[in-house]
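J.: Following the hints, position chain C against chain W.
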Amino acid sequence: MTGGLQRVASTILLVGVSFLLTALILWGSGYRVGDIFSGVIQGSMTATGAATSSIRWAIPLLLIGMGVVIGFRAGFFNIGGQGQFYVGACCALAVSLRWSDGPAPLVVLCGTLAAVVAGLAWSLLPGYLRVRFGTDEVLTTLMMSFIGALVLQYLTAGPLRNPSGTGQTAASERIPEAFRITDGSGVSATVLLLVGGVAVLVWLLLERTRFGLAMTLVGRNPTMARWQGVDVRRVGLVNFALSGALAGLAGAVELYGPAGRLVTGFSPEVGFTAVVVALVGLLSVGGTVVAAVFFGGLQSAILFLPIVTDLPPPALVLLHGMVAFLVTVKFRAVRLRRAGPASEAPTG
Amino acid sequence: MTVPSSPASAGVPAVRCRSLGVSFGSVRALHRVSLDLAPGQIHALVGQNGAGKTTLAKVLGGLQPADTGDVHIAGREIPPGDVRAAQAAGLAMVHQHFSLPPSFTVAEALELTAARPGGRPVYRRAELHGRWRDDVAEIGGEAVLSTRIRDLPVETRQSLEIVRAMAAEARILMLDEPTALLTPAAIDALFERLRRLREDGVTILVVLHKLREVAAVADTVSVLRDGELVLGPSEMSEVSQGRLSDAIVGPASQADRAVGVEAAPGTEQQTLLELARVSSRASAFEPGLGSIDLSVEAHEIVGIAGVEGNGQRSLVSVIAGLNAVTEGSVLLGGTDVTRAPPARRRLRGLRLVPFDRNSEGISRRAPLWLNQSALRLIGRRRRRLPLISLRQYKRKAATEMDQWRVRYDAVTQPAESLSGGNVQRLILSRELAPGLQVLVAAQPTRGLDFSATSFVRRSLRGLRDAGAGVLLVSSDLDELFELSDRVLVIYGGRIVAGFEAPYDRRAVGDAMTGARR
Numbered sequence: 001m002t003g004g005l006q007r008v009a010s011t012i013l014l015v016g017v018s019f020l021l022t023a024l025i026l027w028g029s030g031y032r033v034g035d036i037f038s039g040v041i042q043g044s045m046t047a048t049g050a051a052t053s054s055i056r057w058a059i060p061l062l063l064i065g066m067g068v069v070i071g072f073r074a075g076f077f078n079i080g081g082q083g084q085f086y087v088g089a090c091c092a093l094a095v096s097l098r099w100s101d102g103p104a105p106l107v108v109l110c111g112t113l114a115a116v117v118a119g120l121a122w123s124l125l126p127g128y129l130r131v132r133f134g135t136d137e138v139l140t141t142l143m144m145s146f147i148g149a150l151v152l153q154y155l156t157a158g159p160l161r162n163p164s165g166t167g168q169t170a171a172s173e174r175i176p177e178a179f180r181i182t183d184g185s186g187v188s189a190t191v192l193l194l195v196g197g198v199a200v201l202v203w204l205l206l207e208r209t210r211f212g213l214a215m216t217l218v219g220r221n222p223t224m225a226r227w228q229g230v231d232v233r234r235v236g237l238v239n240f241a242l243s244g245a246l247a248g249l250a251g252a253v254e255l256y257g258p259a260g261r262l263v264t265g266f267s268p269e270v271g272f273t274a275v276v277v278a279l280v281g282l283l284s285v286g287g288t289v290v291a292a293v294f295f296g297g298l299q300s301a302i303l304f305l306p307i308v309t310d311l312p313p314p315a316l317v318l319l320h321g322m323v324a325f326l327v328t329v330k331f332r333a334v335r336l337r338r339a340g341p342a343s344e345a346p347t348g
Numbered sequence: 001m002t003v004p005s006s007p008a009s010a011g012v013p014a015v016r017c018r019s020l021g022v023s024f025g026s027v028r029a030l031h032r033v034s035l036d037l038a039p040g041q042i043h044a045l046v047g048q049n050g051a052g053k054t055t056l057a058k059v060l061g062g063l064q065p066a067d068t069g070d071v072h073i074a075g076r077e078i079p080p081g082d083v084r085a086a087q088a089a090g091l092a093m094v095h096q097h098f099s100l101p102p103s104f105t106v107a108e109a110l111e112l113t114a115a116r117p118g119g120r121p122v123y124r125r126a127e128l129h130g131r132w133r134d135d136v137a138e139i140g141g142e143a144v145l146s147t148r149i150r151d152l153p154v155e156t157r158q159s160l161e162i163v164r165a166m167a168a169e170a171r172i173l174m175l176d177e178p179t180a181l182l183t184p185a186a187i188d189a190l191f192e193r194l195r196r197l198r199e200d201g202v203t204i205l206v207v208l209h210k211l212r213e214v215a216a217v218a219d220t221v222s223v224l225r226d227g228e229l230v231l232g233p234s235e236m237s238e239v240s241q242g243r244l245s246d247a248i249v250g251p252a253s254q255a256d257r258a259v260g261v262e263a264a265p266g267t268e269q270q271t272l273l274e275l276a277r278v279s280s281r282a283s284a285f286e287p288g289l290g291s292i293d294l295s296v297e298a299h300e301i302v303g304i305a306g307v308e309g310n311g312q313r314s315l316v317s318v319i320a321g322l323n324a325v326t327e328g329s330v331l332l333g334g335t336d337v338t339r340a341p342p343a344r345r346r347l348r349g350l351r352l353v354p355f356d357r358n359s360e361g362i363s364r365r366a367p368l369w370l371n372q373s374a375l376r377l378i379g380r381r382r383r384r385l386p387l388i389s390l391r392q393y394k395r396k397a398a399t400e401m402d403q404w405r406v407r408y409d410a411v412t413q414p415a416e417s418l419s420g421g422n423v424q425r426l427i428l429s430r431e432l433a434p435g436l437q438v439l440v441a442a443q444p445t446r447g448l449d450f451s452a453t454s455f456v457r458r459s460l461r462g463l464r465d466a467g468a469g470v471l472l473v474s475s476d477l478d479e480l481f482e483l484s485d486r487v488l489v490i491y492g493g494r495i496v497a498g499f500e501a502p503y504d505r506r507a508v509g510d511a512m513t514g515a516r517r
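Line by line, the protein sequences give chains W and C. When we follow the working numbering, the leftmost residue of the first sequence carries the number 1, and every step to the right adds one. When we follow the working numbering, the leftmost residue of the second sequence carries the number 1, and every step to the right adds one.
The following block holds chain W by itself, in its conformation from the complex:
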């Protein structure tokens, strides 16, 4: 397992380097780096409610990140988590507002199901294009994300807008309090059980089922998988469906949990951060859980920092970007190295 250890160590090193580079940039811009980092510690762990807030932000990252891990396992770079997350939340919202007098458990269940199906559908379209026509899923999932964001904007500014709202950004009406599965903190036993259960199920699927192994084979060498009788298209479709379903679920959890209503452009980069989370988590389920908590802490710190320093929030987003950049470079380098000299397939 030395290879595994080495990979973990190099990833931790990368995150460390990202911190260092960010510190350098902030220091060069005239900020007091010591204060900022103590603010990060406070905002993610030690301040009142900070730990809960870290977990709250870790939850959507973890759910969407699981979807990314599943995608990568079969060789798909499904980065459309953001849009799938939005349409999931929108569908849950529509169900909850239209049926606001229904029995709470039933409505929440239906709303969650609607979110899962919506996320799934949002991901299945690029999935179908990929397995049927070979369309690059990086482009299509990304484009679908923008459409998802516009759907959210349309709903919150149009049909589902709160008419009495006075805020500058369009927001929907609140769902009834009875439907909420957490208080405003966004963390409750229900949600933790749900997310923990999802992580365990995903791990079992990937590591302990024949379908999971078939996905691994497809991800490593689809040609060989086809020769071995694996239905590569079916594996691809199911794979995209699962990724999307998890992101849709994250949308429902967001609505019924901390949000209670939807605001145009809420959690704007959670779907993309989730890709970084999965990469930093070395595309394993356990690693992604750890990485999600780490990035949840960062997100929490980003929101806390303006309280203790004069640092604008985007400054710490720089750190995200840095980690994303370095991890992607490393990931690409590994892939290129592994690809090795391409042997020519003899025609025969």
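If you're looking for bench data, these hints aren't it; they were derived computationally from the structure. C-beta: ideal position from N, C-alpha, C; glycine also. Check before you lean on any hint, since a few could be wrong.
[Stated by the list, open to error] DEER-style ranges, computed between Cβ atoms:
hint, chain 1, residue 1, chain 2, residue 2, range
1, C, Asp151, W, Gly196, 54 to 64 angstroms
2, C, Pro386, W, Thr52, 29 to 39 angstroms
3, W, Phe146, C, Phe104, 28 to 38 angstroms
4, C, Arg150, W, Gly321, 52 to 62 angstroms
5, C, Ala282, W, Val17, 46 to 56 angstroms
6, C, Asp336, W, Asp101, 57 to 67 angstroms
7, W, Thr52, C, Arg344, 48 to 58 angstroms
8, C, Phe104, W, Val17, 35 to 45 angstroms
9, W, Leu303, C, His97, 26 to 36 angstroms
10, C, Arg395, W, Tyr31, 51 to 61 angstroms
11, W, Leu303, C, Asp409, 49 to 59 angstroms
12, W, Tyr128, C, Ala282, 20 to 30 angstroms
13, W, Leu125, C, Arg212, 50 to 60 angstroms
14, W, Tyr128, C, Gln403, 37 to 47 angstroms
[Unchecked claim] Now the stretches of chain W that chain C is said to cover, found in silico as 3 or more residues with beta-carbon under 8 angstroms:
hint, stretch
15, 202-213
16, 220-234
T.: For chain C alone, coordinates are given in the frame of chain W:
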């Protein structure tokens, strides 16, 4: 260990190395190899897969630093791992895998990769073509210069690699297994080129697999076994074939026994595989199939002979279910599977040894156990719980790989760490598991060494004796004649002739080339 070459070549050896040693971790790739290659001759280097041939070639070419020992090219000492020094001394290499960029035209690729002095950063097309016109005179002339590399036939690409290597006026040319991908006719042409280079005074070191090829082209032969030079360089006229094969295989490793394979019981159905008037669409590389009738009975090996690219790949793909059939039907054990997906055919006992074992037969980056277990992923579920035990999978894979004598350290190591022969054993251990009814083996011994080849052939015979049916697609006529009960010839996507033993080599050859329709 070193036999001085013929007294005639008393001058400075073109290549000289002394007690070279290279280790990769615990594996000893080369051990105390000392070698003198006389100038102006064709020297063959032979040995089994993993004997150290490629490593030796790389060390001599400066691509791989040696741990011990030294290398002299044309009398000059080459610092370990210094490619440029080796090139400057007049050495050029042609690698096992093609190195020219597929999307470039021939002229562009040559300009980019060949070390010819006097290059400029910008060219007009005519100038560029003028610069390379003479070099490609033998492989199609100026017309070939504007062809893209990927559109060239395999043998032209091979020739182009030699053109590239020779562009810097090399005096010593090394070729690593240049014949592996070539048809017999292209091999003859290659050897002719090598002889002409020899006439021009070029020293050639060529890594080869087949003794027949060694006998056809080499002046001297050297044998590597387990990283040691066990023979040579010896004049070809002084070594018998028997002594050569003994040197290659060694005393101990004849231990492989024939592997008996149990066929599925209750095979009352005699015709195991049947194609009735099957046609398919042409692919980018090959003609489609034209109304093919073919059957494989139990206890039978049916050989498919043909010049490569005449529909062999289409045929195997259609049987495997990877290519659609436009007309006709495919039957497995009497059941129509024309429209059945690959998985259902596999479950009916169809097993495949694909053409390209490294890209179609295994997943190079996946662990051995997963490669070995691939067929267990598609069967019907036996238990209610979908969960499986990885430990059981790994143990099963280890047992079966041991049975087939795959040499490996751990079932978790990636398949790319195995040598060619071992990869084929891994594939056989998976495909020849119980449940097999029909095996379609495509080029099952291509690129394998003597012992691995004879092991594969014994396994195919064992299968037939156990009652299975085998369809053997091969471009090696000797292999087809040795193993097959019948040989069919495919030409332009059609079966044009059928033969039974004793085979008339000439007649089969005529049918293969379309001389007899």
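J.: Now, for every hint given, state plainly whether the structure supports it.
T.: Going down the list of hints, with the structure as the test:
1. C:Asp151 <-> W:Gly196: 54 to 64 angstroms: 56 angstroms, holds
2. C:Pro386 <-> W:Thr52: 29 to 39 angstroms: 36 angstroms, holds
3. W:Phe146 <-> C:Phe104: 28 to 38 angstroms: At 37 angstroms between Cβs, range holds.
4. C:Arg150 <-> W:Gly321: 52 to 62 angstroms: 38 angstroms, violated
5. C:Ala282 <-> W:Val17: 46 to 56 angstroms: Given about 53 angstroms between the Cβ atoms, the range holds.
6. C:Asp336 <-> W:Asp101: 57 to 67 angstroms: Distance hint for Asp336 of chain C, Asp101 of chain W holds at roughly 58 angstroms.
7. W:Thr52 <-> C:Arg344: 48 to 58 angstroms: 53 angstroms, holds
8. C:Phe104 <-> W:Val17: 35 to 45 angstroms: 38 angstroms, holds
9. W:Leu303 <-> C:His97: 26 to 36 angstroms: Violated, at about 54 angstroms.
10. C:Arg395 <-> W:Tyr31: 51 to 61 angstroms: 58 angstroms, holds
11. W:Leu303 <-> C:Asp409: 49 to 59 angstroms: Check passed, 51 angstroms falls within 49 to 59 angstroms.
12. W:Tyr128 <-> C:Ala282: 20 to 30 angstroms: 28 angstroms, holds
13. W:Leu125 <-> C:Arg212: 50 to 60 angstroms: 57 angstroms, holds
14. W:Tyr128 <-> C:Gln403: 37 to 47 angstroms: 43 angstroms, holds
15. 202-213: Per the Cβ count (7), the hint holds.
16. 220-234: This one holds; 11 residues, not fewer than the three required, reach chain C with a Cβ under 8 angstroms.
Hints 4 and 9 from the earlier list are contradicted by this structure; the remaining hints agree with it.
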